[in-house]
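Participant: Chains as they are written, first to last, in UniProt numbering: chain F, 1 to 331; chain A, 1 to 331; chain L, 1 to 220; chain H, 1 to 220.
Quick caveat, the hints were computed from the structure, so don't treat them as lab data. Each hint should be verified, as a subset may be incorrect.
Within a straight-line C-alpha distance of at most 25 Å, the following computed DSS-like cross-link-like pairs (lysine-lysine) qualify [claimed, not checked]:
#, chain 1, residue 1, chain 2, residue 2
1, A, Lys228, A, Lys280
2, L, Lys50, L, Lys23
3, F, Lys17, A, Lys311
4, F, Lys39, F, Lys140
5, H, Lys23, F, Lys228
6, A, Lys129, A, Lys39
7, F, Lys228, F, Lys311
8, A, Lys228, L, Lys66
9, A, Lys311, A, Lys180
10, A, Lys92, A, Lys140
11, F, Lys140, F, Lys228
12, F, Lys39, F, Lys17
13, F, Lys98, F, Lys129
14, A, Lys228, F, Lys311
15, A, Lys98, A, Lys39
16, F, Lys92, L, Lys23
17, A, Lys92, H, Lys23
18, F, Lys17, A, Lys17
19, A, Lys17, F, Lys280
20, A, Lys46, A, Lys98
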Amino acid sequence: MKKFVNDPQQFVPEMLKGLALANPDTLTYVPEYNLIMRKSGPSDDKVSIVQGSGSGHEPAHVMVVGPGMLDAACPGDVFAAPPMDYVYETTKLVNSAKGVLLLVNNYTGDRMAFDMAQELSLADGITVKTLFIDDDVAVKDSTWTVGRRGVAGNFFVIKAVGAAAEAGADLDELMRIGEKVVSVTRSMGLALTACTPPAKGAPLFELGPDEIEIGVGIHGEPGRRRAKIAPANELVDILLDPVITDLPFVAGDRVALMVNGLGGTPISELYLVYGIAHDKLEALGISVARSYVGEYCTSLDMAGASITLVKLDDEIEGLLAAPAEVGVRIF
Amino acid sequence: MKKFVNDPQQFVPEMLKGLALANPDTLTYVPEYNLIMRKSGPSDDKVSIVQGSGSGHEPAHVMVVGPGMLDAACPGDVFAAPPMDYVYETTKLVNSAKGVLLLVNNYTGDRMAFDMAQELSLADGITVKTLFIDDDVAVKDSTWTVGRRGVAGNFFVIKAVGAAAEAGADLDELMRIGEKVVSVTRSMGLALTACTPPAKGAPLFELGPDEIEIGVGIHGEPGRRRAKIAPANELVDILLDPVITDLPFVAGDRVALMVNGLGGTPISELYLVYGIAHDKLEALGISVARSYVGEYCTSLDMAGASITLVKLDDEIEGLLAAPAEVGVRIF
Amino acid sequence: MTSLSDAEFIVRTIAQTAVDNEKYFGDLDSVVGDGDLGFSLARGFEIVLKDWDSFDRTDAGTFLQKVGITITGRIGGTSGPIWGTAFLRSASVAKAHDGELGGDDVVAMLRSAMEGIMARGGASLGDKTLLDVLAPMTDAIEQGVATGQGGAAVMASAAASARAAAEATTPMIAKRGRAAYTGERSIGSPDAGGVAVAVIAEALAANWDSPEHTQQNTAN
Amino acid sequence: MTSLSDAEFIVRTIAQTAVDNEKYFGDLDSVVGDGDLGFSLARGFEIVLKDWDSFDRTDAGTFLQKVGITITGRIGGTSGPIWGTAFLRSASVAKAHDGELGGDDVVAMLRSAMEGIMARGGASLGDKTLLDVLAPMTDAIEQGVATGQGGAAVMASAAASARAAAEATTPMIAKRGRAAYTGERSIGSPDAGGVAVAVIAEALAANWDSPEHTQQNTAN
Ligand SMILES: Nc1ncnc2c1ncn2[C@@H]1O[C@H](COP(=O)(O)OP(=O)(O)O)[C@@H](O)[C@H]1O
Ligand SMILES: Nc1ncnc2c1ncn2[C@@H]1O[C@H](COP(=O)(O)OP(=O)(O)O)[C@@H](O)[C@H]1O
Ligand SMILES: [Mg+2]
Ligand SMILES: [Mg+2]
Ligand SMILES: [Mg+2]
Ligand SMILES: [Mg+2]
């Protein structure tokens, strides 16, 4: 394994420490609970918004704490849902008179940790609601599975409820907005390479030199099927078609289009993918009103990309356009 | 080769097209000259600033065109200086009564293309000056070489002259500021993996599973020496020590610290590196006043990182803090 | 069975086995899962071992409850809530019971643990989870106890049954956990959590008559 | 020598060789350079071939000048300015000369091209660049012309000398171009640009008496 890492067990804490050192005016790091929160702390005039998840998805979610986005993030170790205590302690630390909204990507471990933390917090008299995000169309939503996974689409949920919370919306209103965004957001990803968790020190699965993994999740879980590498035009079809047909998105729709890098794919390739996807959507009469290209929800060093579409209405478009400020910046 | 690419020869044009489609309100793309410029065009109240270079370094430089940064960027093909015509045409397109400043990383091909374009532009009556950037301490600055390379430090030059130009500084003033920033900026990089140019379709050099390349440039040129992978603490020493001793940076200095990803290294690792470097600098009495973590100047999909330090004075610090807006954004 | 010392032996063996098998459990979980099982269990049970002396030892039930709180609160992934629930449920059964715990009580504790896991994570038997190992293992213990076997013999047959059950998960399709997302591709490799249970059962069986267990018993 | 048709043959052969060897030249440049030489030359000379019919053919000098402008303006990397300068300098010598160009003129054109390259890129002989191949190759042509050899024979000895010179760059330390950054590590592989010159010289020698060249001569 070739990575910038000291003791693999300290990978997450050392990353969080660096994040806090780089953003001393805006972020507070609470090492005991892997917790990153706004330096300004919670306000009783605003619902506090928290997202937790496994680590390894940076910038999600520790690097999107800031005005207009999250109030705190409590990640677990790499690809492991946070222990329940982390969530519970985070909830207590950001408690606001207007309540706390917990955003959770739909995975068993995360659901259970947040469920239990919510129970404990409610027992403490904290008003808490939990919203589950499940935008991944790669996973069939049949009765025998655990439902769809939450992947890069969670960015839009955070952005929308973050903006609404800043404008004073109450907890029920945020739940309504968040559920609406989830209901119109769909994603699909593919991997060109496997990722290597520091603690494992080796790739999570083997891909041949010309193989790709389609419908991969963000935890290095293998996807639904393997295929041969193909020209970018075809790869975009593989990602875009199931997304379009799922909601479905139809001619006349206005959408936000996100091309998300999985960690090891350079931004040059992401823009190339963006251009192709944009053209295909416009050809279908679907108009791209907002564009997002870069890394939003990664899988460590995995090369690959996902495409997310959000069907816009005036409310969602306004919330996405609202200003926000986060710890990751280039200035 | 596993990449998002159609025809490798169209890699750069397709990327630029995507960039322009994603930023329809702010950027104009001129396919004939690989040119990305501000949609608003040049203004006679402001010196126009242009940077060109080979492609493959994104976001440098096509993705940092915008208010407070570049007026235009004219990249060549992957790792190849732009043909002289591209530079000349760009200069004509952004011509302003206050003149044009050309920023050039110090490589033979780039120098020659910009020199010739400057000659032609001057003959056309356009006021042009050229500033060379050479921040890479990995290359010894002896008489028999072509001098040092320009690497990620070019970001600070762009940012400083970009801010000053926006405030109305004239061309001579920008040259003074740019030269000052170059004189206090030093960088050093290392690669964990080689990069794969689309047209070559294979890695530019071979690195063993536990080998790293120290002092690597941003074009996949091999570096000065090879070493074994080591803990992040040691890798940071390898990067930081030659940077610190070169200027030298000394106790009492205020600096900007940049940890730049080379394209394939996830931001989690970059923050981990940042935290280590920050601590080491503070231990030496060098205080980190501004922090930059992310991808600024990459080498396609190369895993690795570089560290840049800028010695700050009030003028430079003020210019770095000035607002700017570029095409790459996460909102 | 001197309940507290048995509980101590069992918890310590589970913890030590989790720490010792970090890499192996991680590799098992990376076949069709996300590879974090080993890390999660090892980090969590390290905390159990570190806090070992601090757990209230009023009785076996109290001890198990304190351990369960640590596991629930400090282990990440799916395993924290699942394994923590198992310990907390076992603890409740033990606490409800006055005096020394017999073989029947152990069976009741395990059955309650399984119900807790099902309630917490929504899995049923046949979903290719550790439940598919816990259930036959518990049946084996019940049968051993019913036929009057000694502790070591009961544990040996429990371990054999756990191992066989773990292997029997190989042809199943995962319907819970990260592996479920791969659908049919989860066929062909055993459930990681189930194998972990079998490995732990084997460690318990192997050490049942070891000095650490028997001396501990004597010491109490 | 009917100058224009010779110039056309030479330029076309150079262009075709650059296009045909894109991968090979790129691989050579990636040993210690950045691998773009093949791509830059191929894309640039493709433009030359595409615009082939449009170049002003008033005389050989004018033709070479128009080609040189295209190369200078449209080839990226170091090669555009370097190769473009070579063509522009050769063109100037040819234009200054009235009437048919002889062997001496070709030598003068090459010497002027080398001076132009040195002025543009600052390299000297021994810096491990294509100059270290151009110089001995030009010497060989000069000698062939002086001893009254025919065109094919002159080109054959030029090619042999270019190949030997390209190989002789292997032990040199690069002092110009991207390879220079690797210092001592540039020792042990030949200069990419120098090998490209040798390959082109060999193509010219191999085809000197081919129908494409001789028929072209006859046609004019
Ligand atoms: N819903 C569930 N109920 C019971 N056991 C489960 C459930 N989901 C997963 N498991 C068990 O947990 C194991 C994986 O644990 P772990 O790796 O910690 O969780 P995650 O799947 O969140 O990464 C599986 O091998 C399986 O035995
Ligand atoms: N300053 C120079 N003068 C003459 N030739 C040079 C110079 N620098 C490089 N070269 C030649 O150019 C070749 C590399 O060309 P190319 O790959 O296009 O340039 P770059 O080094 O910018 O990538 C080298 O192999 C060498 O022969
Ligand atoms: Mg997990
Ligand atoms: Mg180059
Ligand atoms: Mg797992
Ligand atoms: Mg080159």
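Participant: If you check each hint against the structure, which ones fail?
Facilitator: 4, 7, 8, 10, 14, 16, 17, 18
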